[in-house]
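Protein chains: 2
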Amino acid sequence: MKIVRTVDEMKRTVAVYRDQKKQIGFVPTMGFLHEGHLSLMKEANKENDIVAASIFINPLQFGPNEDYERYPRDETADARAAENAGVDVLFIPDPTEIYPAPMQIQLGIKGRADVLCGRSRPGHFEGVLTVLTKLFHITSPDKVYFGLKDAQQVAVVDALINDLNFPIELVGLPTVRESDGLAKSSRNVNLSEHERHEAIWLYKGLAFGQKLIHDGEQTPNEIVQNVTELLNQNLSAGKIDYIELLSYPSLEPVSSVNQRVILAGAVYFAKARLIDNLIFDQDGEVINRVN
Amino acid sequence: MKIVRTVDEMKRTVAVYRDQKKQIGFVPTMGFLHEGHLSLMKEANKENDIVAASIFINPLQFGPNEDYERYPRDETADARAAENAGVDVLFIPDPTEIYPAPMQIQLGIKGRADVLCGRSRPGHFEGVLTVLTKLFHITSPDKVYFGLKDAQQVAVVDALINDLNFPIELVGLPTVRESDGLAKSSRNVNLSEHERHEAIWLYKGLAFGQKLIHDGEQTPNEIVQNVTELLNQNLSAGKIDYIELLSYPSLEPVSSVNQRVILAGAVYFAKARLIDNLIFDQDGEVINRVN
Chain A
359 MKIVRTVDEM KRTVAVYRDQ KKQIGFVPTM GFLHEGHLSL MKEANKENDI VAASIFINPL
419 QFGPNEDYER YPRDETADAR AAENAGVDVL FIPDPTEIYP APMQIQLGIK GRADVLCGRS
479 RPGHFEGVLT VLTKLFHITS PDKVYFGLKD AQQVAVVDAL INDLNFPIEL VGLPTVRESD
539 GLAKSSRNVN LSEHERHEAI WLYKGLAFGQ KLIHDGEQTP NEIVQNVTEL LNQNLSAGKI
599 DYIELLSYPS LEPVSSVNQR VILAGAVYFA KARLIDNLIF DQDGEVINRV N
Chain B
359 MKIVRTVDEM KRTVAVYRDQ KKQIGFVPTM GFLHEGHLSL MKEANKENDI VAASIFINPL
419 QFGPNEDYER YPRDETADAR AAENAGVDVL FIPDPTEIYP APMQIQLGIK GRADVLCGRS
479 RPGHFEGVLT VLTKLFHITS PDKVYFGLKD AQQVAVVDAL INDLNFPIEL VGLPTVRESD
539 GLAKSSRNVN LSEHERHEAI WLYKGLAFGQ KLIHDGEQTP NEIVQNVTEL LNQNLSAGKI
599 DYIELLSYPS LEPVSSVNQR VILAGAVYFA KARLIDNLIF DQDGEVINRV N
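Respectively, the protein sequence lines represent chains A and B.
Remember, this note's numbering sits 358 above the position in the first sequence when you count from 1.
Remember, this note's numbering sits 358 above the position in the second sequence when you count from 1.
Looking at chain A on its own, in the form it has when it is part of the complex (with noise of 0.2 Å):
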C-alpha cells in the first residue's frame, strides 16, 4: 500500500491509474479506523480495480467547542488495518495540504442539513461539501463509500453529487455494529466504562422504533415519543440531543412511515457525542445499502 500525502502526488498517482483505465473506488474517513471503516473499504475493494482511501481530520467540519483537538488519532495502526483491508494508496494530507489558504469559494446546502445533526452542530456541513469536494477531485473515484451510520452525510453527498452532476456513484453500506448493539465509531474510545454502558440504550431506542413500526405504527410523533421515553428512562450520564423520524434523503417532516425514512438520534455524553439510525423501506423493512 502507498502512503501519500501531498495533493500533487495524490493527483499524479491517480492519474497513472486512470491512465492504466482502473476503476477507482474511493473511502473518506478521519482515522482511527474501525470495522466500519473497515468494512467500507473491504466493499471498495471487491467493486473495483484500485481501492483509495483517505484520512483527514477536516477542521472545517468541527464548530469551534466541539472535538477537533481530541479527536481519536492512530496513524501507525490505520495504516495497517487500511492495508488488510486492500486499499491500494491512502491520502494522509496535513490540513496546510488541503487549505494552503482560507476558503474563497463557500459550499452551503439548503435542506437536509437543518435537521438532525445539523441543528446541533451549525456548519458542520458546509465543511463536509467542501472537504469532500476537494477530494472528489483530488482522487476523481468512480465509486465512493459511506457508512450509513452518517446517513445525514449520506443524504447530504447524494445532493452534492446529484445536483452537481458529479461523475462519481455514491454507495451507502450498513453500520457495523458491536455485539450488543452499539454501532462501532472512533469517538467510542471517549466513553467511560458507565457511559459505555448507558450507550447502548440508543440502539435499543431505535429498535424499539422498529419494533413499533413493525407492529403496524405509523404516526412519527408516536414513534418517537415512544423511543424518547424509553432513552430517558435509561439515561443518567446521557442527554439526548434529538430523536427525530424524517423522510428518507430527503430529510423533510412526515406524516406517515408509508415512505423510506430515517428514524436517527444522537445522545451527548461527557466526552462523546454518539448517533445512531435505522432506515426503513416504505414496509417498514430495514435497508442496509443505499446507492
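None of these hints come from the bench; they were simulated from the model.
There could be a bad hint or two in this list.
[Claimed, not checked] Derived contacts from chain B toward chain A, CB cut-off under 10 Å, selection only:
#1 369
#2 377
#3 462
#4 469
#5 491
#6 517
#7 522
[Claimed, not checked] Chain A is nowhere near these chain B residues, computed Cβ spacing over 10 Å in every case:
#8 367
#9 388
#10 429
#11 477
#12 485
#13 528
#14 535
#15 546
#16 574
#17 583
#18 626
We put the CB at the ideal spot given by N, CA and C, even for glycine.
Got chain A; can you put chain B on it based on the hints?
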C-alpha cells in the same frame, strides 16, 4: 461536429474520449457566438485533441431585472460557426436538463465577487460558479478557455479551480475587438446606432488609462478619475456603472499600480450593459493571456 442535448449523452460522449486518452479542451459559452468565442475555440483546437463547447444561457446568473429573456439566440448560426472553429462536440442543453429540480447545493465566493460587476449583479457569480461546476463535471475537461473580456469571471473561475482542486487548467485569452476598439460582445446587437458610436468610449477610456500608466502615473484614484471624466464628457446615452482599478486576479484595492492590476469599466445603455478591461503587469504592460 456532434451536437448533444442531454447530460447523460454528454457524459457518455466524454467517457469515450477519456477512454481513448484524448485531451479535452472546453469552451463554455452562452451562444450568439462572435469572434471572441471563436478565438477561444480555435486556440482550444490547437492545444487539445478534442474541443468541447457548450451553449447554455444560464438562468441562475441573471438577476430578476436583467436581460435573460432578451439575451440574443441563434443556434443554427452558432452550430455552423463552432464547427468551423474546430469544435468536436457542442453541448446545447435545455435549462431543465441542467436544473431538473431546484438546487439544494449552493456555491458562493468570499471576495472577488463583491466588486466590479458583482456589485451591480448580486447573485451573478454564484450562478456562474454553479453552472460551471456542473459543466466541468459533465464535460470533464483538461483545459477550460475563457475570454479576458470577462476578467472578473476568469478571476472567479481561478478561485473555483484552485480552492476546490479541480483537475483543470484555466486559460484566459485576449479580448477580441472591433476595428474601432469596441470589445466584441453578444450584447452589442442590442445597441442603437447612436449607442454603438458612443460605446467605443469605454475602450477609449481604458486606453487613456493605459497611456497614463505608461506615462508614469501610479496612483489608482488619479487614473480612475481621469478615465471617468473622459467617459462622462463623451457619454450621453450611456451611463457609467463603474470604473475601477484593482489587483488581479485577487480583485482587491491597491495603493499603487506596481503589481498586476486590472482597469475595468461597465457602461449601461438602454438595452445592454457593456463591460471591458485591460490587465497590466507590474511594469504597466498589457497582459493578453492568463494561465
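Structure-based check of all given hints:
1. For residue 369 (chain B), the shortest C-beta to C-beta distance to chain A is roughly 6 Å, which falls under 10 Å, so the interface hint holds.
2. Annotation: residue 377 (chain B) was flagged as interfacial toward chain A, and the flag holds, the nearest CB pair being 7 Å apart, inside 10 Å.
3. With its C-beta approaching chain A no nearer than about 5 Å, residue 462 (chain B) sits inside the 10 Å limit, and its interface hint holds.
4. Because the beta carbon of residue 469 (chain B) sits about 6 Å from the nearest beta carbon in chain A, less than 10 Å, this interface hint is met.
5. The beta carbon of residue 491 (chain B) comes within 5 Å of a beta carbon in chain A, closer than 10 Å, and the hint placing it at the interface holds.
6. The beta carbon of residue 517 (chain B) is positioned within 10 Å of a beta carbon in chain A (closest approach about 5 Å), and the interface hint is therefore held.
7. The restraint placing residue 522 (chain B) at the interface with chain A holds, with a minimum CB-CB distance near 5 Å, inside the 10 Å limit.
8. In this structure residue 367 (chain B) is separated from chain A by more than 10 Å, as the shortest Cβ-Cβ distance comes to about 13 Å.
9. With a least CB separation of 19 Å from chain A, residue 388 (chain B) remains clear of the 10 Å interface cut-off, as annotated.
10. At roughly 23 Å from the closest C-beta of chain A, the C-beta of residue 429 (chain B) stays outside 10 Å, upholding its exclusion from the interface.
11. For residue 477 (chain B), the non-interface assignment is confirmed: its Cβ lies about 17 Å from the closest Cβ of chain A, beyond the 10 Å cut-off.
12. At the 10 Å boundary, the C-beta of residue 485 (chain B) stays outside the reach of chain A, the nearest C-beta of that chain being 14 Å off.
13. Here residue 528 (chain B) stays apart from chain A, with its beta-carbon at least about 14 Å from theirs, past the 10 Å limit.
14. For residue 535 (chain B), the non-interface assignment is confirmed: its Cβ lies about 31 Å from the closest Cβ of chain A, beyond the 10 Å cut-off.
15. With a minimum CB-CB distance of about 32 Å to chain A, residue 546 (chain B) clears the 10 Å threshold, and the non-interface call stands.
16. Residue placement check: residue 574 (chain B) keeps its beta carbon more than 10 Å from all beta carbons of chain A (closest about 33 Å).
17. For residue 583 (chain B), the shortest C-beta to C-beta distance to chain A comes to about 30 Å, beyond the 10 Å cut-off, and the non-interface label holds.
18. Every CB of chain A is more than 10 Å from the CB of residue 626 (chain B) (nearest about 28 Å), matching its label as outside the interface.
Checked against the numbered hints above, the structure breaks none of them.
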